[in-house]
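Now for the letters of each chain:
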Amino acid sequence: MIADRAVRRFRFAPYLEFGKKAIAREATYRFDVFTSIGSFALRMYLLRMVWTALYARNAAPRDLPLHAILTYSAVALLMGLVLDVDQVSSLYTKLHDGSIVSDFLRPINVPLYFFADGTGEVLFHAALVVPSLAIALVLVHIDVPSPGTGAAFALSLVLGYFVGFTINFILNASAFWTLEIHAVQLIVTWLTDLLGGELVPLVLFPVALQHALFALPFAAMFSTPLLIYVGEIPPERYAAALGLQALWLAVLGAVCVVMWRAGSRRIVVQGG
Amino acid sequence: MVRRVLAVYGHHWRINALTALEYRANFLLWAAFAVVYHGTALGALWVTLHAFPSMNGWTFRDMTLLYGLWMLAHALHDTLFFGVGNVPEYVRDGEFDRLLVRPLDTLFAVIATPGQIFPDELFLALGFFIVATLYSGVRVDAVFVLCVPFVIAGGTLIELAINLLVATLAFWFVRVDALKWIVLQLESEFTRYPIGIYSRGVRLFLTFVFPFAFMNYFPAAYFLHKPATLALPPVAGLLTPVVGIAFLGLAYAFWRFGLKRYAGVGH
Numbered sequence: 002m003i004a005d006r007a008v009r010r011f012r013f014a015p016y017l018e019f020g021k022k023a024i025a026r027e028a029t030y031r032f033d034v035f036t037s038i039g040s041f042a043l044r045m046y047l048l049r050m051v052w053t054a055l056y057a058r059n060a061a062p063r064d065l066p067l068h069a070i071l072t073y074s075a076v077a078l079l080m081g082l083v084l085d086v087d088q089v090s091s092l093y094t095k096l097h098d099g100s101i102v103s104d105f106l107r108p109i110n111v112p113l114y115f116f117a118d119g120t121g122e123v124l125f126h127a128a129l130v131v132p133s134l135a136i137a138l139v140l141v142h143i144d145v146p147s148p149g150t151g152a153a154f155a156l157s158l159v160l161g162y163f164v165g166f167t168i169n170f171i172l173n174a175s176a177f178w179t180l181e182i183h184a185v186q187l188i189v190t191w192l193t194d195l196l197g198g199e200l201v202p203l204v205l206f207p208v209a210l211q212h213a214l215f216a217l218p219f220a221a222m223f224s225t226p227l228l229i230y231v232g233e234i235p236p237e238r239y240a241a242a243l244g245l246q247a248l249w250l251a252v253l254g255a256v257c258v259v260m261w262r263a264g265s266r267r268i269v270v271q272g273g
Numbered sequence: 413m414v415r416r417v418l419a420v421y422g423h424h425w426r427i428n429a430l431t432a433l434e435y436r437a438n439f440l441l442w443a444a445f446a447v448v449y450h451g452t453a454l455g456a457l458w459v460t461l462h463a464f465p466s467m468n469g470w471t472f473r474d475m476t477l478l479y480g481l482w483m484l485a486h487a488l489h490d491t492l493f494f495g496v497g498n499v500p501e502y503v504r505d506g507e508f509d510r511l512l513v514r515p516l517d518t519l520f521a522v523i524a525t526p527g528q529i530f531p532d533e534l535f536l537a538l539g540f541f542i543v544a545t546l547y548s549g550v551r552v553d554a555v556f557v558l559c560v561p562f563v564i565a566g567g568t569l570i571e572l573a574i575n576l577l578v579a580t581l582a583f584w585f586v587r588v589d590a591l592k593w594i595v596l597q598l599e600s601e602f603t604r605y606p607i608g609i610y611s612r613g614v615r616l617f618l619t620f621v622f623p624f625a626f627m628n629y630f631p632a633a634y635f636l637h638k639p640a641t642l643a644l645p646p647v648a649g650l651l652t653p654v655v656g657i658a659f660l661g662l663a664y665a666f667w668r669f670g671l672k673r674y675a676g677v678g679h
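Protein chains in written order, with our numbering: chain A, 2 to 273; chain B, 413 to 679.
Treat the hints as calculated values from the structure; they're not laboratory data. Glycine residues also receive a C-beta, built at the ideal position from the N, C-alpha and C atoms. Each hint should be verified, as a subset may be incorrect.
As the list claims (entries may be wrong) - Within a straight-line C-alpha distance of at most 25 angstroms, the following computed DMTMM-like cross-link-like pairs (lysine to aspartate or glutamate) qualify:
no.: 1; chain 1: A; residue 1: 21; chain 2: A; residue 2: 64
no.: 2; chain 1: A; residue 1: 21; chain 2: A; residue 2: 85
no.: 3; chain 1: A; residue 1: 22; chain 2: A; residue 2: 33
no.: 4; chain 1: A; residue 1: 95; chain 2: B; residue 2: 505
no.: 5; chain 1: B; residue 1: 592; chain 2: B; residue 2: 490
no.: 6; chain 1: B; residue 1: 592; chain 2: A; residue 2: 27
no.: 7; chain 1: B; residue 1: 672; chain 2: B; residue 2: 507
no.: 8; chain 1: B; residue 1: 592; chain 2: A; residue 2: 85
no.: 9; chain 1: B; residue 1: 592; chain 2: A; residue 2: 87
no.: 10; chain 1: A; residue 1: 22; chain 2: A; residue 2: 64
no.: 11; chain 1: A; residue 1: 22; chain 2: A; residue 2: 98
no.: 12; chain 1: B; residue 1: 592; chain 2: A; residue 2: 33
no.: 13; chain 1: B; residue 1: 638; chain 2: B; residue 2: 507
no.: 14; chain 1: B; residue 1: 592; chain 2: B; residue 2: 532
no.: 15; chain 1: B; residue 1: 672; chain 2: B; residue 2: 509
no.: 16; chain 1: B; residue 1: 638; chain 2: B; residue 2: 601
no.: 17; chain 1: A; residue 1: 95; chain 2: B; residue 2: 599
To be verified - Counterexamples of contact, computed for chain B against chain A with all Cβ distances above 10 angstroms:
no.: 18; residue: 418
no.: 19; residue: 421
no.: 20; residue: 426
no.: 21; residue: 547
no.: 22; residue: 561
no.: 23; residue: 645
no.: 24; residue: 674
Let the sequences and hints guide you as you build the complete structure.
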């Protein structure tokens, strides 16, 4: 009954604490920081060389000059620092070792706890954007968009982040049923890299494929904000592009709710 | 002695196979991941070279052979020598001390430690290599047929040498994960393209320091009659086994040196 009262009088402070704790936890993995920044620098160098070589010997696409595609690659890599973080992995860990049971006994909203914990984790990784941006600027020139485009990009990025959050939540929550999710998770991550336009802009795909890919949730994560940034999506199409992202967010969010309700009713604890 | 070693090695594969059979669904998912991993890499290459047909004179067809050579050597390495990459973890957990007191060679004990190893990626790589050979239009003559197995074996040794080097560093620096990850990235991502696109320093690095370019770039350039980089003669592409043996020799000497000095991390 204590739990009921706590839910009725919602307090924000505990979730702020969960977020702070997550930041502190992530900060203890200092070596991962070096890995992230080191591999960012390698990828940035590689992409610069690849695109430069390709543009040197071929006719450039009419609306995507070299500086635009280098900007695209740099921003995509920077976004990856934040969007490629699986901020719901603690849900899987807790389902796997059974400690999720104690979370259900606490006077908190459990999904909101995972959200706060994941946001803290992501905020820590977001701090890596600063040194990485400095490295990127040494290697390539990044175009700065107009304030209007920048604002649309920011909004689209936030929507993309939440789409990513729901996909991660669905993957981790599937451990309610399958208990082992890593291979599936990696499959989805790799598919997102390609089909979401993180590796190669979707506008370079064969036209027939483009239409299908733009409609998928992967594009809503990476491609939409990026294409807004480099001006491939012009202002008159902002509403449609952001609307599609919001639609995917609503659909995937609904799936999360359904999965959580069904999953939390059938918790199976493996010994422990 | 040889019979004992072979018996232990046979057991290693028996346990690997039993593990795969025990976790069938998981095994199939990991096999699916191998397909997706290489599929996305090739997909990205295909899309890029669909939009831009030539990369320094290399087409998508040429680059499938480049990828196929790397993939086959890499898959062979991961099937036979995957355990070497686990050494830093063993050192950290103190597990390594157990391997040291085994009555067989320590490096062999490392290699013959069972895990979730199954040659699924090797089969995939073999299949892809055959497809890539036909698709790339490379001339399949006696030289090609005779040299490819040696090039693949040499590529496997190169990867083993570099991994052994990194693993040995774990005797002094307990956390080498960052270095391991970066080396893997150099090997898997930088070998995807003809190295002529890189700056001179990186080309020299990939040829003489971490000679990943000998896994696929130099042999592919030789077989496809492309001009090689760094003023090396085309026939350098057939030197892969020599490079592999030389680097493995160096790495093994470093490993022996490290073993003698290894003092544990204090468990």
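Verification of the supplied hints:
Only pairs whose Cα atoms come within 25 angstroms are accepted, and residue 21 (chain A) paired with residue 64 (chain A) is rejected, the gap being roughly 44 angstroms. A threshold of 25 angstroms between alpha carbons decides the hint, and for residue 21 (chain A) with residue 85 (chain A) the separation of about 20 angstroms falls inside it, so the pair holds. The suggested pairing of residue 22 (chain A) with residue 33 (chain A) holds, with an alpha-carbon distance near 18 angstroms, which does not exceed 25 angstroms. Of the supplied pair hints, the one linking residue 95 (chain A) and residue 505 (chain B) holds, its CA atoms being roughly 23 angstroms apart against a limit of 25 angstroms.
Proposed proximity of residue 592 (chain B) and residue 490 (chain B) is supported: the alpha carbons are some 14 angstroms apart, at most 25 angstroms. Restraint check for residue 592 (chain B) and residue 27 (chain A): satisfied, since their Cα atoms lie roughly 20 angstroms apart, inside the 25 angstroms limit. A C-alpha spacing of about 17 angstroms is found between residue 672 (chain B) and residue 507 (chain B), which places the hinted pair at or below 25 angstroms, so the restraint holds. With a C-alpha separation of about 20 angstroms, the suggested pair residue 592 (chain B) and residue 85 (chain A) falls inside the 25 angstroms cut-off, and the hint holds.
For the proposed pair residue 592 (chain B) and residue 87 (chain A), the alpha carbon gap of about 21 angstroms is at most 25 angstroms, so the pair holds. Distance hint between residue 22 (chain A) and residue 64 (chain A) is unfulfilled; the C-alpha atoms sit about 46 angstroms from each other, more than 25 angstroms. Straight-line distance between C-alpha atoms of residue 22 (chain A) and residue 98 (chain A) comes to about 20 angstroms, which keeps the hinted pair within the 25 angstroms bound. Distance restraint check for residue 592 (chain B) and residue 33 (chain A): the Cα-Cα separation of roughly 12 angstroms lies within the 25 angstroms cut-off, and the hinted pair is therefore satisfied.
Annotation: proposed proximity of residue 638 (chain B) to residue 507 (chain B) is violated, straight-line Cα distance about 48 angstroms (limit 25 angstroms). At roughly 23 angstroms between alpha-carbon atoms, residue 592 (chain B) and residue 532 (chain B) fall within 25 angstroms of each other, so this suggested pair holds. A distance of roughly 13 angstroms separates the Cα atoms of residue 672 (chain B) and residue 509 (chain B); the hinted pair therefore holds under the 25 angstroms criterion. Note on residue 638 (chain B) and residue 601 (chain B): the hinted pairing holds, with a Cα-Cα distance of about 21 angstroms set against a maximum of 25 angstroms.
Restraint check for residue 95 (chain A) and residue 599 (chain B): the C-alpha separation of about 35 angstroms exceeds 25 angstroms, so the hint is violated. Against the 10 angstroms criterion, residue 418 (chain B) stays outside the reach of chain A, whose nearest CB is about 32 angstroms from its own CB. Listed as outside the interface, residue 421 (chain B) is consistent with that label: its C-beta sits roughly 27 angstroms from the nearest C-beta of chain A, beyond the 10 angstroms cut-off. Against the 10 angstroms criterion, residue 426 (chain B) stays outside the reach of chain A, whose nearest CB is about 23 angstroms from its own CB.
For residue 547 (chain B), the condition that its CB be more than 10 angstroms from all CB atoms of chain A holds, with the nearest at approximately 18 angstroms. With a least beta-carbon separation of about 30 angstroms from chain A, residue 561 (chain B) lies farther than 10 angstroms from that chain, consistent with its non-interface assignment. No beta-carbon of chain A comes within 10 angstroms of the beta-carbon of residue 645 (chain B); the shortest separation is about 23 angstroms. Listed as outside the interface, residue 674 (chain B) is consistent with that label: its C-beta sits roughly 21 angstroms from the nearest C-beta of chain A, beyond the 10 angstroms cut-off.
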